[in-house]
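Colleague: Sequence:
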Amino acid sequence: RAEVVISNDEIAYPAVARTDVLLAMTPKAVADYLPKARPRSVVIVDSTHVAQTPATEAVVYTIPLTSIAKDLGAEISVNIVALAAVVALSGVVSPEALESAALSKLPARSHDLNRRALLAGWEAALTAFAAGTAGAAPSPELQER
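Taking my numbering as reference, the numbering of the sequence shown is continuous, increasing by one, and the terminal residue is 203.
Hints are all accurate, no fakes.
Cβ pair distances, simulated, as ranges: (1) Gly131 <-> Ala155: 25 to 35 Å; (2) Tyr71 <-> Asp170: 37 to 47 Å; (3) Pro97 <-> Arg167: 37 to 47 Å; (4) His169 <-> Pro97: 37 to 47 Å; (5) Asp129 <-> Ala70: 39 to 49 Å; (6) Thr84 <-> Val62: 17 to 27 Å; (7) Glu68 <-> Val150: 15 to 25 Å; (8) Ala70 <-> Asp170: 33 to 43 Å.
Just so you know, the hints here were simulated from the structure itself, not pulled from any lab data.
Cβ atoms here follow ideal geometry from the backbone N, Cα and C, with glycine treated the same way.
Work out the full structure: start from the sequences and follow the hints.
Modeller: Quick look at the structure:
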């Protein structure tokens with residue numbers, strides 16, 4: 059479990075009580091954290107490992123994140139695939155900022171794989187959005203495509 063609090067204002071308490079964006083990669087994560095998702099929040103579920111998602115007022119996107127990483131030839135890249143999907147569907151940062159930040163922290167020898175993982179995650183988010191979750195509100199960058 060990892061929590062990130064993002065705000066333009068001072069953050070008085072760094073823990074998340076109700077999520078605006080949730081990435082759930084296991085059935086246990088869905089069971090434990092989906093009840094904390096705000097209505098209309100973005101929930102991304104790794105359908106490689108999670109067969110069913112309980113009813114919720116959140117907007118749920120099912121994306122086979124781990125399968126996508128395996129198809130790239132490196133299951134370890136699932137974190138980058140997932141990060142790209144989160145950014146695409148939430149709009150928390152621009153795709154350019156994501157790529158710049160991610161690659162600046164990774165060894166140069168892995169840049170090609172991680173660029174492909176970012177693109178694959180982004181495209182999977184586009185596909186999930188296009189598949190139609192009624193009333194979903196993706197990031198402005200996603201809406202422009």
